[in-house]
Amino acid sequence: MTERPRLAVVGAGPAGLAAALAAAARGVQVTLVDAADQAGGQFHRQPAAALGAHRPQALHHRWRTWTRLRDGLDRHRAAGRITHLTDHHVWCVARDCASGAFAVHALLGPAQEDGVTVRADAVVLATGGYERVLPFPGWTLPGVVTAGGAQAMLKGGLVLPGRTVVVAGTGPLLLPVAAGLAAAGARVAALVESAGPGALLHRAPALAAQPGKLAEGAGYAARLLRHGVRTLARHTVVAAHGTDRLEAVTVAALGRDGHPRPGSARRIPCDALAVGHGMLPHTDLAETLGCALSGTAVRVDAEQRTDVPGVWAAGEATGVGGAALALAEGHIAGRSAAARLHGTAPDPHGWAAAARARTRLTAFATALDAVYAPPAGWADRIPDETVVCRCEEVTAGEVRGSVESLGAGDLRTVKLLTRAGMGWCQGRMCAPAVAGLTGCPLTAGRRPFARPVPLGVLATLPEPE
Amino acid sequence: MNPRKLTRARPGPPCTVSLDGRPLQALPGQTVAAALWAAGVTAWRSTRGAGRPRGVFCGIGVCFDCLVTVNGRPNQRACLVPVRPGDDIRTQEGTGRADD
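As you go down the protein sequences, you meet chains V and U in turn. Under the numbering used here, the residue at position 86 of the first sequence is numbered 86, and the numbers go up by one with no gaps. So the numbering used here is basically just the index in the second sequence, starting at one, shifted up by 1000.
Keep in mind that the hints were calculated from the coordinates and are not lab data. Computed from a predicted model, the values in this text were never measured in an experiment. Careful: at least some of the hints might be erroneous.
In silico contact screen, one side only, chain V against chain U (beta carbon under 8 Å); selected entries [stated by the list, open to error]:
#1 R55
#2 A152
#3 M153
Here are some chain V residues pointing at chain U (derived, C-beta under 8 Å) [stated by the list, open to error]:
#4 A50
#5 T146
#6 L160
#7 P172
#8 A184
#9 M422
#10 R428
#11 C440
Derived DEER-like restraints, expressed as beta-carbon distance ranges [said to hold, decoys possible]:
#12 U:S1046 <-> V:D384: 35 to 45 Å
#13 V:L461 <-> U:R1008: 44 to 54 Å
#14 U:R1084 <-> V:T164: 26 to 36 Å
#15 U:S1018 <-> V:P269: 29 to 39 Å
#16 U:G1021 <-> V:H202: 53 to 63 Å
#17 V:C97 <-> U:R1010: 52 to 62 Å
#18 V:A233 <-> U:S1018: 42 to 52 Å
#19 V:W63 <-> U:R1010: 13 to 23 Å
#20 V:D71 <-> U:R1010: 22 to 32 Å
All C-beta atoms, glycine included, are put in the ideal place defined by N, C-alpha and C.
Modelling step: build the complete structure from the supplied sequences, incorporating the hints.
Here it is, written out as structure tokens:
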């Protein structure tokens, strides 16, 4: 008997789990490498086991999907077909040009001081995404958190960001975040969404093709009503106030032109603001492998293959579209990888249902993207003195100056001139704002190391296999 | 209602940790950030430049705003690091290193 081919799947969210299960069921030895202490990713993030939550599903959506994934993972692990490496923070995936084999380099545990290398014949990148937040005065105050961050802390740690929360920004994530916070006992003072109901109607045909998704949205809206949460559509947070922590936000109505209507500003007292303006894909590992991107997402073919041999990608990394789309993409990636690793061409008929779901959900995501675009002129409204790069404390005025006085023409030059994007987060938080302020296109940052790596780990890297 | 009641959580007995020498209770399994939020604390770092307070922002380990010093080690992401009984958690000033 020949040895089973080895597939490394990076990320244990919906896409990674679907890929791992599909490949493991088809004669592939899978190593599932993930940073969290439990599988699930952000969407299915579970409370820490020691918290003893007997009904975690009260904070979750699509619980049946999760139990199916979890049970599948348990079965394959018990049978030795999947090895699940938790607390493994992957910082680089390298491909040996001669052999085509892969080395997945990770840092261990929360301390992230020691390294480990996983060998594989192919990889699936299911690295997910992170939230985009566009700056406004006061956005660095303690108490202002990302919408997804508030949800992650709630699901994982069973804690709330404050007693009185405003949920704001734009995008489909705001509804479940507001509903979750309200159900968990926060007073949600307002859900402030910059898109208007009219924008949804304009996209009605594409959206109506997904009745399940619309029902999901309606379900959240009903829950918000039940908790007495008022929704301010076509509104935006123009400033957060406080000295050492958040005390209130000012919201304003948006006119037809997308700009705040004069005289519409009002102050809402709150001790937490959960804010987000959509998601961005994690593409660092793909970029370092040399995979082509399209826009800010990893480019894949109908089999979810990147243009680098042996590298597949699925889920938010290939374009933000939600958990159901990630599942379909992951399933296709896992089946394709299994067939290719066995030296055969896959039969796409085998995954026809997933391919149809992918087509439908991609169209839906495209329509949502158009609905939930940031309001017109958002970058022009950031005052010069507002900090844009949170790590290096670079203001909007300094970023503007790098273009207007110093002639910067791309994000990299702006970074070299101002240090915006040079800090701990490596520009993940500020890049969209810097792009907006300077008129430079938002490109995926080139980060050969996907996270900070101790020199000692680099010094002791093993030789290629 | 609160999140623990909603999820019918029955955590193990709380442990004692300290923030800047002040004792506080934390639940096993919580991250440092979750334990501090539960204690009503939202800031535990001051920035290198303007000395402004910061705490959790992204909550998933991407933004590095929640850096904190735990047991003498600076620059730990509070949203990722689990609390351990007896942890000595310190507000991180600037880089958190004496030579700065």
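Taking the hints in turn, this is what the structure says about them:
With a cut of 8 Å, the hint placing R55 of chain V at the interface with chain U holds, because the nearest CB-to-CB distance is about 4 Å. Taking 8 Å as the C-beta contact cut-off toward chain U, the hint placing A152 of chain V at the interface holds, the least distance being around 4 Å. Contact between M153 of chain V and chain U, as hinted, is supported at the beta carbon level, the nearest pair being about 5 Å apart and thus within 8 Å. At its closest, the beta carbon of A50 of chain V sits 3 Å from a beta carbon of chain U; the interface hint therefore holds under the 8 Å criterion.
Interface hint at T146 of chain V: satisfied, since its Cβ lies 5 Å from the closest Cβ of chain U, which is below the 8 Å cut-off. Checking L160 of chain V against chain U: minimum C-beta separation of about 6 Å stays under 8 Å; hint holds. For P172 of chain V, the suggested interface contact is broken, since its CB lies about 18 Å from the closest CB of chain U, more than 8 Å. Interface hint status for A184 of chain V: upheld, as the beta-carbon distance to the closest one in chain U is roughly 4 Å, under 8 Å.
Hint status for M422 of chain V relative to chain U: violated, with the closest Cβ pair at about 12 Å, above 8 Å. For R428 of chain V, the suggested interface contact is upheld, since its CB lies about 6 Å from the closest CB of chain U, less than 8 Å. The criterion of a C-beta within 8 Å of any C-beta in chain U is not met by C440 of chain V, whose closest approach is roughly 21 Å, and the hint is violated. The supplied range of 35 to 45 Å is broken by S1046 of chain U and D384 of chain V, whose beta-carbon atoms lie about 23 Å from each other.
Range check, L461 of chain V to R1008 of chain U: Cβ separation about 46 Å, and the 44 to 54 Å hint holds. For the pair R1084 of chain U and T164 of chain V, the beta carbons lie near 32 Å from each other, so the given range of 26 to 36 Å is met. Between S1018 of chain U and P269 of chain V the beta carbon distance is about 32 Å. The supplied range of 29 to 39 Å therefore holds. The hinted range of 53 to 63 Å is satisfied by G1021 of chain U and H202 of chain V, whose Cβ atoms lie roughly 58 Å apart.
For the pair C97 of chain V and R1010 of chain U, the beta carbons lie near 54 Å from each other, so the given range of 52 to 62 Å is met. For the pair A233 of chain V and S1018 of chain U, the supplied restraint of 42 to 52 Å holds, since their beta-carbon distance comes to about 45 Å. About 20 Å separates the C-beta atoms of W63 of chain V and R1010 of chain U, a value consistent with the hinted range of 13 to 23 Å. Judged by the Cβ atoms, the range 22 to 32 Å given for D71 of chain V and R1010 of chain U holds: they are separated by roughly 23 Å.
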